[in-house]
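A.B. asks: Here is how the chains run, residue by residue.
Protein chains: 2
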Amino acid sequence: MKALIIAAGEGKRIRDLSRDLPKPLIPLLGLSLIERVILSAREAGVREFVVVVGFKGKRIMERLGDGSRYGVKIDYIENPDWRRGNGLSVLKAKGLISGKFLLMMADHVFDPGVLKDLLGRSVDKGGILVIDRRRREYIDVEDATKVRIEGELIRDIGKGLKDYDGIDCGIFLLSEEVFDAIEESIESGDDTLSGGIRVLAKKGRMRWFDIGERFWVDVDNEESFKTAERLLLKSLVKETDGPVSRYLNRAISLRISRYLVNTKVTPNTISWLSFSLSMISGLIYFLGGWASIAIAGLLAQVSSIIDGCDGEVARLKFQVSRYGGWLDSVIDRYADGMIILGMSYASWIIARNYMAWVFGFLALMGSLLNSYTAIKYDQIVKERKVRFRFGRDVRLFVIMLGSLTGLIFFTLIFLSLITNAENIRRLILVRHNT
Amino acid sequence: MKALIIAAGEGKRIRDLSRDLPKPLIPLLGLSLIERVILSAREAGVREFVVVVGFKGKRIMERLGDGSRYGVKIDYIENPDWRRGNGLSVLKAKGLISGKFLLMMADHVFDPGVLKDLLGRSVDKGGILVIDRRRREYIDVEDATKVRIEGELIRDIGKGLKDYDGIDCGIFLLSEEVFDAIEESIESGDDTLSGGIRVLAKKGRMRWFDIGERFWVDVDNEESFKTAERLLLKSLVKETDGPVSRYLNRAISLRISRYLVNTKVTPNTISWLSFSLSMISGLIYFLGGWASIAIAGLLAQVSSIIDGCDGEVARLKFQVSRYGGWLDSVIDRYADGMIILGMSYASWIIARNYMAWVFGFLALMGSLLNSYTAIKYDQIVKERKVRFRFGRDVRLFVIMLGSLTGLIFFTLIFLSLITNAENIRRLILVRHNT
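As given, the protein sequences belong to chains A and B, one line each in that order.
If you count the first sequence from 1, position 416 lands on 420 in the numbering used here, and the numbers rise without skipping.
If you count the second sequence from 1, position 249 lands on 253 in the numbering used here, and the numbers rise without skipping.
None of these hints come from the bench; they were simulated from the model.
Careful, some of the hints might be misleading.
Intra- or inter-copy, both count: the list cannot distinguish identical chains.
Each computed DSS-like pair below joins lysine-lysine, with the alpha-carbon atoms no more than 27 Å apart [said to hold, decoys possible]:
(1) LYS242 / LYS6
(2) LYS6 / LYS238
(3) LYS321 / LYS62
(4) LYS268 / LYS206
(5) LYS104 / LYS129
(6) LYS321 / LYS150
(7) LYS380 / LYS120
(8) LYS380 / LYS166
(9) LYS77 / LYS206
Source: prediction; values computed, not measured.
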């Protein structure tokens, strides 16, 4: 299936941000707006794109090229009438697209997950429009295109609707019938895409699809640009994040990732960086002495924060890979092991009691098995929205606290108890949920 | 979908084994032949059964009941003409079954996997017969029903065929059309099921399905009974078994499981038994001294062997559960940890060198992460038939050897190196295969 992207408009209201760039090329967290739209669709399986350009179209074509850099194929259509209604831009694709196709706006930022669900729907005639039925404070309702629905159909669409049930999110799954509808609308004097959609709606041919909890933003001024940035970053907080991650680590790692996305640093490099910090932390414990132990503990917490960045950057730049995620999880276990090994040695040096090693062993076993059991446990966390999660974020935070206070023997005993108790709790919880 | 099971015949040739039992009730590795057929079909998703009984039918009905014990529904039809051809038994189900149905013989033992594949096929009219296209030494070709095929169709079927392409495995996926075909065959003087199938074959309505590498046995004398037992046990050896497991542990664990299936011991109980032995092994290492270390090492290897039995019994008795498998894998990790903890302590007592603890740590980390990486690695082992597998079986065998020779410090160093090297090898291998 092909995707048609409208990237012809001027975007006057965002001039300050864009400087001399056409709006679709404004960078947002490491990718331009249009790259983000293309990569979102690629993630949902789309491989062929048609981009309609107008205002500063050459710049867009130069930047995106034939699409091979993104692993897709991009064709371009130029619309010299870009100053007129956007229906004309869509109409330019008539004859170049057959069967059902995805229609998107180059300046809309949204949760890529919506496309995966939308593309599963069948469209023989008419089409489906993604709408937003929630009232969100960040949407400029005044300026938005509204829709009125009835059952599964869209009844009316337009900026001026007074009674409405949702907002047009600018994402469509359409049949070729839309081209005739736009022509019909133009004949009656309305050259906007909404005009064409209204023609289909009146014939009972337009259905709607609720975007649900997912975010979307029509980026058309500085404020909505900032909103898009904020929502994108917020979407990186995972359901399975533990409390330390959620309330402390993410706040810092997101700031770092926001910087890293504009560099060439890859997610795997970040994984190895976090790993190296843990290794160094483990080695510093071997030096013994309060200062070393405190520094090692702080370093462990720093590595825990950096460990969030690899996934964040990967998701922001569409560089998520199954291998990357797995590699990260394996080397994180080694990182855990080295830190606990260092702590055990330092405890043993201080206390000269072999029980330091025994509790170190139990803490290591408990920690590694926390991660081992997490694979199954996290499915349940997601399905049943279990809030409590004792994981790596909490363990490393406890290690930092214990190291700063110099109570590392006690910390090892505490970790032994809490990690293994957590594993037993998970054994019981999974038993009752499978 | 319903399954029809023919359990009406007398089974004269197996009298010695059956004593006064009807053949379908002869016990084979913890389950009677007919229970095995029912549970195989249940595993493939069938929940409703119709069993045609004749010779000693009451005994069969008493044993199986309404099926609730097996989580299925069983209805019975009595066939007083059970001395005549088996086509009459099938015909008794006419009117009681609608749409496509599975037809099986109560005295056939086979790999349950074949049903899952077969049930995915569509049958509007005629039917599909599972056939065996390999020549296997254990099949009595003389007595078997043979088939001749052409393309995807069966052309002819019968015991007397001289040229043939495969053997009838006695498993069918049929439409109701078979009832008319059997009636037609009876009219022409042949009251066997093969007669009915031949009628369908002549009309070009019977297709075939190759059982492939999977085993099947028609149990009709003492020899084939033993073959069935042997093949069932052999099918428990897993593709992911490591060398120690394959060439040593399974030989012993299968003998134990063969005994255990006739008791009420559950797979989970066996998991906990194996775990307890490991815990005791770990504690005995703490006693120190050569004798204790040797006993602890032997006990570790014994627990490794017993650890094979839980899965074997579960598969033989259709008691496999996802939770059971997961529980086993988690407590195995604790077992590993306790044994290595005990070894580290014993090494430290002997050598009075803290490096015993450090290598113990590294060996524990390597071992637990062997299991952590195995989840992904085993997919590749299965897909690419990688033969080499360094896993728990090898680790515990090495521990036994090291303990018997008293070289436990050296064993910890060796395990540290080999387990972590194996993890690095897996990181690379998975990278090149995803």
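A.B. asks: 27 Å Cα cut-off: does LYS268 pair with LYS206 within a copy, between copies, both or neither?
C.D. replies: neither (50 Å within a copy, 70 Å between copies)
A.B. asks: Evaluate LYS77 and LYS206 at a C-alpha cut-off of 27 Å and name the case that applies: within, between, both or neither.
C.D. replies: neither (35 Å within a copy, 53 Å between copies)
A.B. asks: Measure nothing new, just compare the shortest in-copy and cross-copy C-alpha distances for LYS104 and LYS129 to 27 Å and report within, between, both or neither.
C.D. replies: within (8 Å within a copy, 36 Å between copies)
A.B. asks: Between LYS321 and LYS150, at a C-alpha cutoff of 27 Å, which is it: within one copy, between copies, both, or neither?
C.D. replies: Neither, since 31 Å and 61 Å both go past 27 Å.
A.B. asks: Go through the copies and call it for LYS380 and LYS120: within, between, both or neither, with a Cα cutoff of 27 Å.
C.D. replies: Cα proximity of LYS380 and LYS120: in one copy and across copies (24 Å, 26 Å).
A.B. asks: First find the shortest C-alpha distance between LYS321 and LYS62 inside one copy, then the shortest across copies, and answer within, between, both or neither for a cut-off of 27 Å.
C.D. replies: within (24 Å within a copy, 69 Å between copies)
A.B. asks: At most 27 Å between alpha carbons: which applies to LYS380 and LYS166, within, between, both or neither?
C.D. replies: Neither. Shortest intra-copy (49 Å) and inter-copy (56 Å) distances fail the 27 Å Cα cut-off.
A.B. asks: Treating 27 Å as the Cα threshold, decide for LYS6 and LYS238: within, between, both or neither.
C.D. replies: neither (30 Å within a copy, 51 Å between copies)
A.B. asks: One pair to classify: LYS242 and LYS6, alpha carbons no more than 27 Å apart. Within, between, both, or neither?
C.D. replies: neither (31 Å within a copy, 45 Å between copies)
In terms of the numbered hints stated before, the structure departs from hints 1, 2, 4, 6, 8, 9, listed from lowest to highest.
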